[in-house]
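Colleague: Spelled out, the chains give:
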Amino acid sequence: MINFRIEGRSAVPPYLQIVQQVRQALRMGVLKVGDKLPTVREVVAATAVNPNTVLKAYRDLEREGLVQARAGHGTFVRNLPPGPPPGTHSRLGRSLARWVREAREAGLDDESIESLLRVTLQAAPEEEIA
Amino acid sequence: MTWLTWRQYRAQFAVGTAILAALCLLLVLTGLQLVSQYHTIITECASSTGNGQNGVNCSTGGGLFAGGPTVGFVSLILLATPVLAGLFLGAPMVAAEFEAGTTQFAWMQGITRARWLAVKAGWLLLAAAAWGGVLAALTTWWASPTNAEHGSEFYPGRFDVLYLVPVAYAVLAMALGICAGALIRRTVPAMAVTLGGFIAARVAVTLWLRPHYLSAVTVTRNLTAQFQPTGSYWLISQGERNPAGQLMPAPANQPVAFGVPISSLPKACGGLASPTGGVTASCRAALTGFRSFVTYQPASRFWTFQGIETGVFVVLAAILLTVTAVVLIRRDA
Amino acid sequence: MTTVIQTRGLGKQFGRVTALSDCDVTVPEGRICALIGPNGAGKTTLLRLLSGLARPTEGEMSVLGSTPRQDPAFLAGVGFLAQEIPLYRRFTAEEHISIGAHLNRRWDPALVRDRLKSLNVPLDRAAGSLSGGQRAQLALTLTLAKKPRLVLLDEPVAALDPLARRHFLATMADAVADDGLTVVLSSHLVADMERVVDHLILLSASHVQLCGDIDALLAEHRVLVGPRKDTAAIARTHTIVQTVHTARQTTLLVRGNAPVIDPAWESSEVGLEEMVLAYMGQDAAPAISDLTSVGGET
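Line order of the protein sequences matches chains A, B and C.
According to the numbering used here, the first sequence is numbered sequentially starting from 1.
According to the numbering used here, the second sequence is numbered sequentially starting from 1001.
According to the numbering used here, the third sequence is numbered sequentially starting from 2001.
Some hints here could point you the wrong way.
[Stated by the list, open to error] Derived DMTMM-like pairs (lysine to aspartate or glutamate); straight-line CA-CA distance at most 25 Å:
{"#": "1", "chain 1": "A", "residue 1": "K32", "chain 2": "C", "residue 2": "D2213"}
{"#": "2", "chain 1": "A", "residue 1": "K56", "chain 2": "C", "residue 2": "E2029"}
{"#": "3", "chain 1": "A", "residue 1": "K56", "chain 2": "C", "residue 2": "E2220"}
{"#": "4", "chain 1": "A", "residue 1": "K36", "chain 2": "C", "residue 2": "E2029"}
{"#": "5", "chain 1": "C", "residue 1": "K2229", "chain 2": "C", "residue 2": "E2269"}
{"#": "6", "chain 1": "A", "residue 1": "K56", "chain 2": "C", "residue 2": "E2194"}
{"#": "7", "chain 1": "A", "residue 1": "K56", "chain 2": "C", "residue 2": "D2213"}
{"#": "8", "chain 1": "A", "residue 1": "K56", "chain 2": "C", "residue 2": "D2178"}
{"#": "9", "chain 1": "A", "residue 1": "K36", "chain 2": "C", "residue 2": "D2178"}
{"#": "10", "chain 1": "A", "residue 1": "K36", "chain 2": "A", "residue 2": "E7"}
{"#": "11", "chain 1": "A", "residue 1": "K56", "chain 2": "C", "residue 2": "E2266"}
{"#": "12", "chain 1": "A", "residue 1": "K36", "chain 2": "C", "residue 2": "E2266"}
{"#": "13", "chain 1": "C", "residue 1": "K2147", "chain 2": "A", "residue 2": "E42"}
{"#": "14", "chain 1": "C", "residue 1": "K2117", "chain 2": "A", "residue 2": "E105"}
{"#": "15", "chain 1": "A", "residue 1": "K56", "chain 2": "C", "residue 2": "D2179"}
{"#": "16", "chain 1": "A", "residue 1": "K56", "chain 2": "C", "residue 2": "E2269"}
{"#": "17", "chain 1": "C", "residue 1": "K2229", "chain 2": "C", "residue 2": "E2266"}
{"#": "18", "chain 1": "A", "residue 1": "K56", "chain 2": "C", "residue 2": "D2215"}
If you're looking for bench data, these hints aren't it; they were derived computationally from the structure.
Can you build the whole structure from these sequences, using the hints too?
Modeller: Here is the structure:
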C-alpha cells in the first residue's frame, strides 16, 4: 500500500505531490493495476491535508485514466502511466549510479552534478526540436 | 444539567453536610444541657419564690441558665451560619466558572444559559433553604427553655434564629452570592461582596425595618400604675415623662422609685428614699401628671413579623436572581 | 453551495476600543478556513461573535442560516473551542464525555473514546493533569462529538508541539472528510496550516483585508520585480498591496487579473505566507536599512 508524504515547504502544491507520488509508485511497480488507493480519510489521518486536496488529486488521476473511483468501494488503479515498462527504471537507475560514480571520481561534487543534470534536462527538449 | 450540578458540587455537599452535622451536634449537646437546667429550675422553684434547694436562685431564674456563656457563644454562631452557604457555594457558582473559562465550554453545549442558571441556582437555593431550615428547627428546640424562662423570642438576636427567618436569610445569602459572582466574575471579590452585603442587609432590616413592620403599640399610664405587656413581647422603648411631657432621666447609681431617680420626683415623695417609706397620699397626689409609657410590639404579632421578614428577604432574593438572569443572558460570555 | 457564515459590516467595540470594524466575511460549506492576523487583530473577537458568546455592536451576521443566539438548535450546530482549552480540571475524560451526553441532543461518545485511545490519551485521569497536547485533543474531540455543522477553533495549535499539532489537525481534517463539517481556525502562524486550509480570512488592524478561496486568491496575486521605477502604470491596472524600493530595484506585490505588459517586470507566483505577510505588513516600518520606502506607492 502506498504511503503519501506531503512536503510542506515544497513549490509543488500538495494535491500535485499526491498525483506525482501515485504516478511514481505505478512506474516503480509499488502500485499495480487493480490495487486500491488509500481512502481520503486514511490520507487525511496520515498527512493532515485538506480532504478536498485528496479528492482533487484522485479526480485528476481519474481524468488521466490511471485510476477509477467505484462508488462505495474506493478508488482503484486502472492503468499504468504511459512510458517504458517497469523494469526500465531499475535498469536506467543502475546505469545512472555508474555515471554518478564516474562523475565523483572526476571531481564533481553533488551540487555540480545536480546543476549539470538540470541543465541537461532543460536542454534536452530543445535538442529534440532541433 | 442536574447531573452536572450534582457532579460539580458533590464534594461541597459532603463538606456542608459534615459542617451541618457538627453544628447540629453542638446544638443538641448544649440544648440538652439547657433542658435539664430548665427542669431543675422548674422543680426547685415551683413552690418557693426565694432560694430553692441546691443553691438555685429562683428569683433570677438561675445564674447559669440566664446568661451562660454557652448560650451567648452558640447564639453568635447561629447568627452567622445562614451566610455560609451563600458565601462558599453561591459566590463561586458563576464566578469560579468564569475564572476557569469553563463558561465557554458549558455555554456552547446544547443548553441555554437560562436553563444552566435555573437548574444550578435552583438546586443551590434549595440546598440553602435546607441548610437554613435544619438549623432553624434545631435552634428553635434549643432555644425553647430560655425563651420560656425569659420571654425573649421576639428580641433581635433571638428572633433571627428561630422558625422561618433563618431559611429566608440563607436563601438571600445564596442569591446574593450567585448575583455577586455573576456580576463580578471573580470568586474572592464576590465572596467579600456577599459577606458585606449580607451583613448590611441584616443590620439594616433589624435596626430600621423590622421595628416598623406594624406600628408599635404605645401604652401610657400613670407613673404609679406601671404597665407590663404580657407574653413574649418585643420592647421597643420605655420611659417616664413629667407633667411637662419631658422625658425623665434614666437612673444612674441613685435611689430609684417607679423607674425614676427619687431626686427627680416631687418633694412629697421624698419619703420613698427610706427603706420603710411607702407611697403616701400626698405623694400620690403630687404624682398625677407623671406618666410612664411602654412602646412595644405585642407577642401576638410574633408570627406576623416572622412572615413579613421572611417575605422581605425572599423578595430581595428574587430581585437579585432576576438581575443575575438578565445580566448573565445579555452580557458577553 | 451553501454559505455557512455570512457577515456584513460586522463590528465590535469595547468602550472606546474598536476590536472589529466593518467586516464582510463569507465562508462556504465544507471548507477549512484559516482566520489569520497578527495578535490583537480581532480574531478571537470575531470567533466569539460567530459563536454567540459575544454580541456585535454593529452590522449583521448569519451563521448556519440565522443570527447566533442562545437556542438549543443553534448551539447544537456550532462548536467553539477557546484558546485556553477550557475543561473541568477535576473531571476525567470519561466524565467530560458524560457531561456532553447529558447536555447535548446529538452525542457520539465513541468518537471521543476511539480517538483518545488511538493517541494514548488516558480516559481516567483528571483533565488538569493531562499534557497540553492531550487536553487539546480531548477538547477538540468533545467539540466534534456533538456532531456540529460548524466548528470555530481559536488558536488551537499555538501551544502544541509539532507532533501534537499534527495529530490535532489530522483529527480535525478527518472530521471534515467524514461529516462535511465546516471549520474556521484562527492562528497567527501560517506555515502550520497551509496544507490543511482551503479558505482564508485575513484580519489586520480590526478590518478584513482578504476573504476567499485560497487558490483563487493566490491566482489573483503576483510578485513583480523590476529595476527601480515609477509604479503609476501598474497602479492603473492592478491593486498594489506592497511596495519595496531599494536603490536599484523595485518589488511589488499586486492583485489583479490583467496581464502585465511592461517587459521590465518579472512576474512570479506568490505563496500563501508571502501574500499574508504583505497584507499584514502594510503599515509596518521596514527593518532593512537600504529600503527607501515601504507600503503604497512612492
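Colleague: Next, verify each hint and record whether it holds.
Modeller: Going down the list of hints, with the structure as the test:
1. A:K32 - C:D2213: violated, 36 Å
2. A:K56 - C:E2029: holds, 17 Å
3. A:K56 - C:E2220: holds, 20 Å
4. A:K36 - C:E2029: violated, 29 Å
5. C:K2229 - C:E2269: holds, 21 Å
6. A:K56 - C:E2194: Given that 25 Å is the threshold and the Cα spacing comes to 16 Å, the pair holds.
7. A:K56 - C:D2213: Roughly 15 Å between the alpha carbons, so the hint for K56 (chain A) and D2213 (chain C) holds.
8. A:K56 - C:D2178: Holds - the C-alpha atoms of D2178 (chain C) and K56 (chain A) are around 16 Å apart, at most 25 Å.
9. A:K36 - C:D2178: The given pair, whose Cα atoms are some 19 Å apart, holds under the 25 Å limit.
10. A:K36 - A:E7: holds, 23 Å
11. A:K56 - C:E2266: Not satisfied, since the Cα-Cα distance of roughly 30 Å exceeds 25 Å.
12. A:K36 - C:E2266: violated, 44 Å
13. C:K2147 - A:E42: Within the cut-off at roughly 20 Å; holds.
14. C:K2117 - A:E105: violated, 54 Å
15. A:K56 - C:D2179: Status holds; Cα separation ~18 Å.
16. A:K56 - C:E2269: holds, 21 Å
17. C:K2229 - C:E2266: holds, 13 Å
18. A:K56 - C:D2215: holds, 13 Å
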